[in-house]
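S.K.: So the protein lines, in turn, are chains U and Z.
Numbering follows the working numbering, in which position 356 of the first sequence is assigned residue number 1617; successive positions increment by one, without gaps.
Numbering follows the working numbering, in which position 51 of the second sequence is assigned residue number 310; successive positions increment by one, without gaps.
Don't take each hint at face value.
Unchecked claim - When the alpha-carbon atoms are kept at most 30 Å apart in a straight line, the in silico DSBU-like pairs for lysine-lysine are as follows:
hint, chain 1, residue 1, chain 2, residue 2
1, U, K1661, Z, K449
2, U, K1645, Z, K646
3, U, K1431, U, K1496
4, Z, K444, U, K1645
5, Z, K331, U, K1661
6, U, K1645, Z, K478
7, U, K1661, Z, K401
8, U, K1645, Z, K331
9, U, K1645, Z, K406
10, Z, K753, U, K1645
Derived by calculation from the structure, the hints in this document are not laboratory data.
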Amino acid sequence: MSVPTDNLSRAAKDPAWAWARYEPVDDQGWNVGLAAHLLARAGFGSNLAERERAVADGPQKTIDRLVHPPEDLDAFEQTYAEYERASEGSIDALRAWWLRRMIETPFPLLEKLTLFWHGHFAVSQNEVGRSPLMQRHVQLLREYALGPFRSLLQAVMVDPAMLLCLEAQKSRKATPSLTLARTLLGTFTVGEGNYTDRDVAETARAFTGWFVHRTRRQFYDREFDDGEKEILGKKDNFTTESALDWIADQRAASRTVVRMLYRQFVSETDEPGDELLDPLVDSLAAGGDVLATVETMLRSNLFFSPFAPQCRVKSPVEFALGLARCFTDRIATQNLGPSLAGMGQDLYNPPTSAGWPGGLDWLNDASIVGRHRLAAEMLAPEGKSLYDLNVQSFAVAHGKTDLAASLPFFTDLLLPDSDAAVEMTSTPERLEDLVLAIACLPDYQLT
Amino acid sequence: MQFVRPIGVALLGVAMAASSAFAADKMPPASQWMPGGALVAIDVSEAGDILDLVLGDEMIATVAAMPAFQEKEQSGELGQFKQVVGFFEAHLGTDWKTAARTLLGGGATLAAYPDQTVVLIVDSTDAALLERFRDFATVAAKGEAAKKGAGNAINSREYRGVTGWTFGGKEAHAVIGSRLVIANKSDGLKAVVDLREDGGASLADQDEFKAAKAAAGPKADAFLMVNMAALKQAPKVQQGLDKFANPVGSLLLAGVAESMRAANVVTLALDVNDDVVSLAAMSDGKVDPEKSSVAFAQTSEDHGALPNLTVPGFLAGLSLYRDMHGFYAAKDDLFPERTSQLIFFENMMGIFFSGRDLTDEVLAETGPEIRLLVAQQKYDEATGTPKTQLPAFAAILRMKNPKEFSGVMEEAWQKAVGLVNFTRGQQAEPGLVIDRPVHGDTQFTVARFRPPEVEERSDADIRFNFNPALAMPDGYLILSSTEGLARDLIDAVKQETSKTLAGMQEIHSLAEVDGTNLASILQANREPLIRNNMIEEGHSRDQAETAIDTLLAVLGHLGRTRFEIRNESGATQARFVVELKLAAK
């Protein structure tokens, strides 16, 4: 991944320019590549019609559409919540429904942020053991994904799934959960170097009294340590709620979140300086919505500068759904979940409390083979594929039946925001092989 | 009945694979025109019954009522198909049903050969109509070729006085009198013409074909011959047969795989009698009972599998006649490489049965009559109805010494409930509470979950599908997943007489399924099935509903389906009978 240093250095020196609204100019015009870049980052890929609409509407109007919930969202959410609740404790079914949500949702940014928070808080079915709790946990992430970080933290940190995952299901006065407190401070909020062991011990005291009985959360006054505690330099009779408010209000916590959002939406190839992030940190620390922070990033000069596109490695979910969405609006997702797990992204089961590392960690010998195999399975001809992308019908509908002449069309379809020139030594015998060859290119692994 | 035309033409394909009631005049049987040495052959000698079923008004009405058909009808997808049917009828000068009956009425024979040649001969009862059909097919093929820009892809050539035709070089066909001959290669057609002119070794002379015809008997409407002697040479077939050489496969199939391995010919005979379709499978491979797993399914004139028990909501039953004690005692000889895998199982059984030897002190206490049964559940109001409704299931055995063994069994069962409770307790899940109710004069044991709260009863947890029970009335051993089924089975075994307990002669395996009840329980789970179809197939909600409703409709037209396997003098025979419940005319 080569990084255009001009924009990076200009952004570092001039955060005001970096986060200012992007307005297309002649030498940096709005085109299908930038439209596809925007749709990929704010969702899970795009089809030709969506890109064409975005090009016609221009960047800011397209972003308006991406960041505002559509009118039919409630009905969609209710239907899918019902489907998920009815999954009868099957994590495989939950995974399949979530993937289907990601493909079909009228508000892809919400699912993108839900998945982002799932990776951040990293609650794992392997630790929780009860899929209805996992379903409720992800629903909770979805509910609070766009609002203030403080609200999200308040909801998530006493969620039964979180308490079980961090072995804090019996948080007694005599045995406060240090694991929970350390993870909260070190991973979820202020980050390493910004807290002490004493902060961990005192924060753990603020979480005493919480118990999880089967799937139900219960707070017992008798088990709560109501003594004075000193957390991150402040002495108070902290409760769980007031401790979480205090921790969420720390500027370091906002910086952690903004830094992670930057990796998710802008670039993971550089470590942005504090000066660049400060405007966004200020806004979030002042109680601003996460959505507002993301919106600022998506609308920015930096986002549309040559620095941002192709600067992230696609996660397995982005890889598979992006490929699917090029050709169809719906695929069978039952078998997709296990395939993605094999490539390193097991939904509902992040590997550690730090979530999925992302970046180049997505690419190793095994996962590259896994990507090739999954793409081959997805693109298999009708009748042989579990996913029914039906590339042949797509090609016929777009008048691309001449295989040799179709290479530019399919290259643009799969690599709209890449300058990669695709050359083939020989024309594949089947259309599916042609598309597979493009999907296995190094450029296709990037977004 | 414009809407039924497409169905009829679709069913034509089914009927093409079968036919013949009126043997073609002055022509030898089609099998005499086909070369010998076939791997697989199908001979339809009595097409009348098959055509009556497939083209009957009841079948047409049944298919027309299928949700998938209705959807295509309403969406207009059948419009083009209807146009083709209309053209077909106009060209042939008769309605599609009459055309089908006439074209297929003389029967059909199909054979496949080792060089991948496939030959099909169809006997019509009207040479003129057959010629018009061939002309129709030619016109249609020309139209297709023109659409694809392939020009004139229809070619013909004379060979020994017969005009052979090909559409695009992918097949070859000829009309000889009232007989249509089709081959996937021109050499196949030539071979038929040569045999007709010169005579020679034909399919009719092939030993395997003759053996299959004899095995099928004169009443069969059609039969399938599988030349096992030749097919077994293929490594994949051999590997397929070897797959059943495992303990479970051997025990369940009891000699079927061995019989297939020893067979020269396997025959499938089809008999259609009104709405009852019977398929009989026969293997001529004889197995030495002393040297195979069939030894543990040795029936006699007095002993065999017992009839399945009748309970309300019966879904499926499997009745086996197996000497479990003998089989398990011989496991080291039968499957020496697998014995180590059974150590864990034996150790667990040792815990449940307080250290008793599984072979000699447990399995030896049970008789060879083993029955498994699945039935619809009735849910107690106090329990509520689970979100997903699972059927109840049970195993029914007979004890040799019920007085001594019933106490041992009771203890083992309660230990198993205890283990389940302990495991569930570790996962903070509710456990089972044991009770000892009385049904009639039988006291039995049941383990129940405590009822859910009132507000949860219309949408209860899946665990409320289970309240396992153990009952031991009159020497029977009943292990049931629910109390309700245990009670029904106590009643059912009380109805058994010495006559029914004698078992069915020679039958060692019997499986039965009630399609109507099966459709009923699936109907109760329609919503979960639709949801599952959506994520499994990638269907929209509407598509998933159509797929599931079609499945339910198909099952609803199946009555009792029965499959039995018997062993006579070392040879295996199987019989499959389907009772169809078609729509009214």
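S.K.: Take the hints in turn and mark each one as holding or not.
M.R.: Here's how the hints hold up against the structure:
{"no.": "1", "hint": "U:K1661 <-> Z:K449", "verdict": "violated (42 Å)"}
{"no.": "2", "hint": "U:K1645 <-> Z:K646", "verdict": "violated (34 Å)"}
{"no.": "3", "hint": "U:K1431 <-> U:K1496", "verdict": "holds (25 Å)"}
{"no.": "4", "hint": "Z:K444 <-> U:K1645", "verdict": "holds (27 Å)"}
{"no.": "5", "hint": "Z:K331 <-> U:K1661", "verdict": "holds (29 Å)"}
{"no.": "6", "hint": "U:K1645 <-> Z:K478", "verdict": "violated (41 Å)"}
{"no.": "7", "hint": "U:K1661 <-> Z:K401", "verdict": "holds (26 Å)"}
{"no.": "8", "hint": "U:K1645 <-> Z:K331", "verdict": "holds (24 Å)"}
{"no.": "9", "hint": "U:K1645 <-> Z:K406", "verdict": "holds (27 Å)"}
{"no.": "10", "hint": "Z:K753 <-> U:K1645", "verdict": "violated (52 Å)"}
Checked against the numbered hints given earlier, the structure breaks hints 1, 2, 6, 10 and satisfies all the rest.
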